[in-house]
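> One letter stands for each residue in the lines below.
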Amino acid sequence: MPRAILSRPRLLETLGREVTDDQLRDLLWPTKAEFGESGDGTVTVECTADRLDLLCESGLGLALAPHLGGAHGGVAMRGGNWTGPPLVIEVDESVAAVRPAIAGVVVQAPEGHSLTAGLLDEAIRFQELLHATYGANRTRSSLGIYPTERFGFPVRYSLRPIDEVVFVPLEGTEATGGRQFLATHPLALRYGGLGVVGEQMLCLSDPQGLLLSAPPILNSRDAGEARPGDQSLLLESTGTNAARVRESVGLLSLVFVAHGWTLTPVEIRGEGPADDGLALTTPRRIELPLTVLDGLSGRTYTVPEGEHLLGQCRLNAHPVPGGFLVDVPPWRPDLLTAVDVAEDVILARGVRPEDGVVPPSATRGRRRAETVFRRQVAELVLGLGHSELYTPMLVGRDLDQLLAPSGAIEVANPVSDLFSHVRNRLLPSLLTSLSHNVRHAYPQRTFEVGPVVVADSGSETGGTTRYRAGILVAGEGAGFADGAALLDYLTGTFAAVGVREPVEIPGTIRGRAARLRLAGEAIGEVAEVHPAVLSALKVPVPAVWAELDLTALWPLVRRSDAD
Amino acid sequence: MPPEPEEPDEPAAPLEVSLGAPERSVLSALRSAGGLAIEEEAIPGRTGLPLEAVRGALQRLRSKGLAVVEEEHREEVRLSPRGEAALSRGLPERRLLQMLLRKAGPMTPEEIEVEGLHAEERSAAIGLLRRRGFLGDGVPFQLKPGHPDPTNRFPEEAALGTIGDEPASLDVAALKDLRRRGLVDVDHRSTKRWQPSEEGRHAVLDDDSTLLGTVTPSMLRDGTWKGAAFRPYDVRATVPYVAGARPHRYSAWLREFEEILLGLGFEQAEGPLLETEFWNNDVLFMPQQHPARSIHDVLSVVGLEGKLPAPELLERVAAVHEGRPIPGDATAITPGWRATYDRAVAKRLVLRSQTTAVSARYLAAHPKPPFRMFSLDRNFRVEAVDATHSIDFAQCEGVLGGEGTSLRDLVGVFQALADAIGIRELRIRPSYFPFTEPSVEGYVKHPRLGWIEVFPGGMLRPEVLRPLGIDVPVAAWGIGVMRLAMVSLGVSDIRDLFRDDLDQLTGGAR
Chain A
1 MPRAILSRPR
11 LLETLGREVT
21 DDQLRDLLWP
31 TKAEFGESGD
41 GTVTVECTAD
51 RLDLLCESGL
61 GLALAPHLGG
71 AHGGVAMRGG
81 NWTGPPLVIE
91 VDESVAAVRP
101 AIAGVVVQAP
111 EGHSLTAGLL
121 DEAIRFQELL
131 HATYGANRTR
141 SSLGIYPTER
151 FGFPVRYSLR
161 PIDEVVFVPL
171 EGTEATGGRQ
181 FLATHPLALR
191 YGGLGVVGEQ
201 MLCLSDPQGL
211 LLSAPPILNS
221 RDAGEARPGD
231 QSLLLESTGT
241 NAARVRESVG
251 LLSLVFVAHG
261 WTLTPVEIRG
271 EGPADDGLAL
281 TTPRRIELPL
291 TVLDGLSGRT
301 YTVPEGEHLL
311 GQCRLNAHPV
321 PGGFLVDVPP
331 WRPDLLTAVD
341 VAEDVILARG
351 VRPEDGVVPP
361 SATRGRRRAE
371 TVFRRQVAEL
381 VLGLGHSELY
391 TPMLVGRDLD
401 QLLAPSGAIE
411 VANPVSDLFS
421 HVRNRLLPSL
431 LTSLSHNVRH
441 AYPQRTFEVG
451 PVVVADSGSE
461 TGGTTRYRAG
471 ILVAGEGAGF
481 ADGAALLDYL
491 TGTFAAVGVR
501 EPVEIPGTIR
511 GRAARLRLAG
521 EAIGEVAEVH
531 PAVLSALKVP
541 VPAVWAELDL
551 TALWPLVRRS
561 DAD
Chain B
1001 MPPEPEEPDE
1011 PAAPLEVSLG
1021 APERSVLSAL
1031 RSAGGLAIEE
1041 EAIPGRTGLP
1051 LEAVRGALQR
1061 LRSKGLAVVE
1071 EEHREEVRLS
1081 PRGEAALSRG
1091 LPERRLLQML
1101 LRKAGPMTPE
1111 EIEVEGLHAE
1121 ERSAAIGLLR
1131 RRGFLGDGVP
1141 FQLKPGHPDP
1151 TNRFPEEAAL
1161 GTIGDEPASL
1171 DVAALKDLRR
1181 RGLVDVDHRS
1191 TKRWQPSEEG
1201 RHAVLDDDST
1211 LLGTVTPSML
1221 RDGTWKGAAF
1231 RPYDVRATVP
1241 YVAGARPHRY
1251 SAWLREFEEI
1261 LLGLGFEQAE
1271 GPLLETEFWN
1281 NDVLFMPQQH
1291 PARSIHDVLS
1301 VVGLEGKLPA
1311 PELLERVAAV
1321 HEGRPIPGDA
1331 TAITPGWRAT
1341 YDRAVAKRLV
1351 LRSQTTAVSA
1361 RYLAAHPKPP
1371 FRMFSLDRNF
1381 RVEAVDATHS
1391 IDFAQCEGVL
1401 GGEGTSLRDL
1411 VGVFQALADA
1421 IGIRELRIRP
1431 SYFPFTEPSV
1441 EGYVKHPRLG
1451 WIEVFPGGML
1461 RPEVLRPLGI
1471 DVPVAAWGIG
1481 VMRLAMVSLG
1491 VSDIRDLFRD
1501 DLDQLTGGAR
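For the protein sequence lines, the chains are A and B, in the order given. Residue numbers for the first sequence follow this note's numbering, so the first one is 1 and each next one is one higher. Residue numbers for the second sequence follow this note's numbering, so the first one is 1001 and each next one is one higher.
Please note that the accuracy of each hint is not assured.
[Said to hold, decoys possible] Straight line, CA to CA, 20 Å or less: simulated EDC-like cross-link-like pairs of lysine to aspartate or glutamate:
#1 B/Lys1144 <-> A/Glu34
#2 B/Lys1347 <-> A/Glu460
#3 B/Lys1103 <-> A/Glu460
#4 B/Lys1192 <-> B/Glu1071
#5 B/Lys1307 <-> A/Asp21
#6 B/Lys1347 <-> B/Glu1312
#7 B/Lys1368 <-> B/Glu1267
#8 B/Lys1144 <-> A/Asp21
#9 B/Lys1144 <-> A/Glu128
#10 B/Lys1347 <-> B/Glu1267
#11 B/Lys1445 <-> B/Asp1493
#12 B/Lys1192 <-> B/Glu1075
#13 B/Lys1445 <-> A/Glu34
#14 B/Lys1103 <-> A/Glu128
#15 B/Lys1445 <-> A/Asp26
[Stated by the list, open to error] Estimated spans, in silico, between C-beta atoms of each pair:
#16 B/Ile1452 <-> A/Pro304: 46 to 52 Å
#17 A/Gly350 <-> B/Gly1263: 25 to 31 Å
#18 A/Gly492 <-> B/Val1215: 43 to 49 Å
#19 A/Asp294 <-> B/Ala1365: 27 to 33 Å
[Unchecked claim] One side of the interface only, derived from the structure: several residues of chain A facing chain B at Cβ under 7 Å:
#20 Asp26
#21 Trp29
#22 Ser38
#23 Thr300
#24 Leu336
#25 Asp340
#26 Glu343
#27 Arg368
#28 Ala369
#29 Leu382
#30 Glu388
#31 Ile409
#32 Ala412
#33 Thr465
These are calculated hints, taken from the structure and not from any lab test. Every residue, glycine too, gets a C-beta built ideally from N, C-alpha and C.
Isolated chain A (complex conformation) (with noise of 0.2 Å):
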């Protein structure tokens, strides 16, 4: 889950109370959001992916009011009085190429306030945050926070050659190259190569040619500073997608609106169609009937109650005939239908295990005919003395090569060599268990029924699924007869009778190995264990193993009545 660490007095400034970590926690059982742990003057917080408005101290702050005997109701969206020049950003057409998505909004701050330390401090935070979830990194999209006090409008997107660049990066003392800033800024040499394209880098300036960014990697100090007592910022994203970028300056705004800030709405004009940036200033409307809610939830809601409980979600709701519009502010983009709004109430209100009733079937409950085949065959097993494992899918490049060419599917992003390949045999997976075992006395019987994976070119998935029982014998004496004798009692037992040929399979020992066929199909193999592969895993005795394709076995055997 995404995380932040946030700051304790920030946090009690916007709850307005001294709280524990205790209170905290229980506070936040009911929200989408947990406590994490308190740090020196850090609290930790956890959120689900869709929430990540709770990740800032104003957001929590706002969900948890109604719960401290504060704000009840939606936040109010005001409208700024801005005086200046239109508010535009030009995007030139080159940009198209590398950050197509742009959104902004001018925050201002209320009569006789302005940008203080902890606000900004938050906003940073927040935006951060917001990089590394929302931005995906910054590839997605990445915020600026600029002092629209220090440029002008409309400020212009453009690609400019590297080379005619000079600014001074933000926290910086001198002025710098494109070239320089590129080569030698930590920031550059991470997210440099998202906003360069050739002998170009992506720029946002002002009609006088100030450099407020070099996006999306840093802001300049001259124009893209945000201080204490700035009373009026852009908040502007770039980036690849344009929901997202729209939906994060929209979370970033929450900051600011939630200490009273107006929004203004600031308008997108380049090579696509006009964006007059209303959606960052202005709520969605989201009907929610009483149907959906009563339908969800299994109870039925009063209006007063619906009210209610929207309010203490801090959404505003217009009662209408039949349930409510609901008013969505922009640092809300999880709520996309009737059924998010719904669930938000729901929860409002509290599930409880009580609340649970177990419906009545309809229904027989029934196994697969074919699960209770392979539950029947390891009974059979267990019945001749062999142990059962549960042994994990994914086997190590180690043994996969002792057993090469195992034809086992290659994982293309291992967490690490020890499960690197899907087993399509359960003999890896027995081997694995024999090798942990060589202090245990012999013999050792062990088996497991399980699934195995097989390269299938043909099959929709590109592989099948198929279980298999997969049985060891270890021990002094044991060779090819026993494994063959296993496959013989197995199949006998539900009356069929394979016939075994020669084959030769990886990591047994040749002419001791055979593929047992029924009807023309594979559906077993046995062979004894190479001594080669025994030494490998320090086994000291002689090994046989054998395998039925319970998949391909089953349509074979199977009684006309079963499924």
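Given chain A, put chain B in place with the hints provided.
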């Protein structure tokens, strides 16, 4: 008065014992060693008997109280090739710590790999640094504020440098960890030295050549047993260990859990373990750019390609992703993900990461309500393996649907399942899954791990149901059945569920 001194005991009369020829021969050899213990491997040279026969005779002499054994066990610890590499380059956790300190900021898995720590080392290093309080959860990886002093040596580093020293000087806990990580190999050696017991030194060895030993078929055929006496056995002697065959306790638990679901009227279903992204994610309305679909979360495979589903279904799913009306509908049911649906992504293959894919396949194949299906099967995710996370994990997936099905039914199922396996404490809290709304999570209390999440579920979204042609509400869940098994079986480490130690599987050690 002081007590009279006791008379010394009469020396015991030499015991008359009846021994087979190998036992007599071995006991004679032990007696001839002049009171010194003889190594077991040296006895064949003194008796002319094969080692196996000597061993059998020694065990019988021991069970009769005529021979005693001293057994010396020792472990020889040596660096494995991997351990030698770690000794020269540093342990992976030290190297990762140094990288993070150098970077002074978060690092992605790719950056760490570029810096020279491959996936296997990285996984172990991350887990260790987290346990030691250097790293928080989540990706990218970042040092926690207030982490311990990084200049202190880790116990394993100290231990690694002492391999080859006297065993007594090794840190046992650190050594155990090094061994688990494959950095050291341990060879177990034991030496048995035998000598006669006091009785064995003085026993009179009868010539029992006239006594019969094992009953043989030829003896029965020719009647030579008639009129002869059988050599008596020491019926109190230790007998061979019989290893019982038992079902694996985790798979047995899974079957019991299945029984509970069958009892609740659920029908079993299965699906492929290698799955297309269409069924694993798209049909479940998971955005194609959802972070949980990345290579950091889902395992993909080399060299294979899947196929797209039926065109009609594909088009319906594409429509909800793009926020368009489903073909045949006048209006869109959702704004969708406001991104172009990529069919090339849909046919990519992954190891199934959630059994919800089985539910989707089931619903697509059986669109007529009511639904009451479960699937208890394996899934795979990219996880750093630890006490509560496994790459290969089982989920119990289920759907319950029909007219009037609601969240209360889902909670009722959770409650019924918890009750059935003896869990008394259940709590429900909000959660999030892209394919359900509302989404909840049931937590149960583990005696050691505290509240752990095991019952995730919710009501399937219209964006999932409508493309499948379903118009009734459907509740769905994907229970973390391994965690539930841990609670039920009293296991604190998820890896113990895969335990293959035959000593335990057969019910005891020999």
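> Next, verify each hint and record whether it holds.
A quick look at each hint next to the structure:
no.: 1; hint: B/Lys1144 <-> A/Glu34; result: 18 Å, holds
no.: 2; hint: B/Lys1347 <-> A/Glu460; result: 9 Å, holds
no.: 3; hint: B/Lys1103 <-> A/Glu460; result: 45 Å, violated
no.: 4; hint: B/Lys1192 <-> B/Glu1071; result: 5 Å, holds
no.: 5; hint: B/Lys1307 <-> A/Asp21; result: 51 Å, violated
no.: 6; hint: B/Lys1347 <-> B/Glu1312; result: 15 Å, holds
no.: 7; hint: B/Lys1368 <-> B/Glu1267; result: 14 Å, holds
no.: 8; hint: B/Lys1144 <-> A/Asp21; result: 19 Å, holds
no.: 9; hint: B/Lys1144 <-> A/Glu128; result: 16 Å, holds
no.: 10; hint: B/Lys1347 <-> B/Glu1267; result: 29 Å, violated
no.: 11; hint: B/Lys1445 <-> B/Asp1493; result: 15 Å, holds
no.: 12; hint: B/Lys1192 <-> B/Glu1075; result: 15 Å, holds
no.: 13; hint: B/Lys1445 <-> A/Glu34; result: 17 Å, holds
no.: 14; hint: B/Lys1103 <-> A/Glu128; result: 17 Å, holds
no.: 15; hint: B/Lys1445 <-> A/Asp26; result: 16 Å, holds
no.: 16; hint: B/Ile1452 <-> A/Pro304: 46 to 52 Å; result: 38 Å, violated
no.: 17; hint: A/Gly350 <-> B/Gly1263: 25 to 31 Å; result: 29 Å, holds
no.: 18; hint: A/Gly492 <-> B/Val1215: 43 to 49 Å; result: 33 Å, violated
no.: 19; hint: A/Asp294 <-> B/Ala1365: 27 to 33 Å; result: 30 Å, holds
no.: 20; hint: Asp26; result: 11 Å, violated
no.: 21; hint: Trp29; result: 6 Å, holds
no.: 22; hint: Ser38; result: 11 Å, violated
no.: 23; hint: Thr300; result: 11 Å, violated
no.: 24; hint: Leu336; result: 6 Å, holds
no.: 25; hint: Asp340; result: 5 Å, holds
no.: 26; hint: Glu343; result: 4 Å, holds
no.: 27; hint: Arg368; result: 5 Å, holds
no.: 28; hint: Ala369; result: 10 Å, violated
no.: 29; hint: Leu382; result: 5 Å, holds
no.: 30; hint: Glu388; result: 4 Å, holds
no.: 31; hint: Ile409; result: 5 Å, holds
no.: 32; hint: Ala412; result: 4 Å, holds
no.: 33; hint: Thr465; result: 5 Å, holds
When each numbered hint is compared with the structure, violations occur for hints 3, 5, 10, 16, 18, 20, 22, 23, 28.
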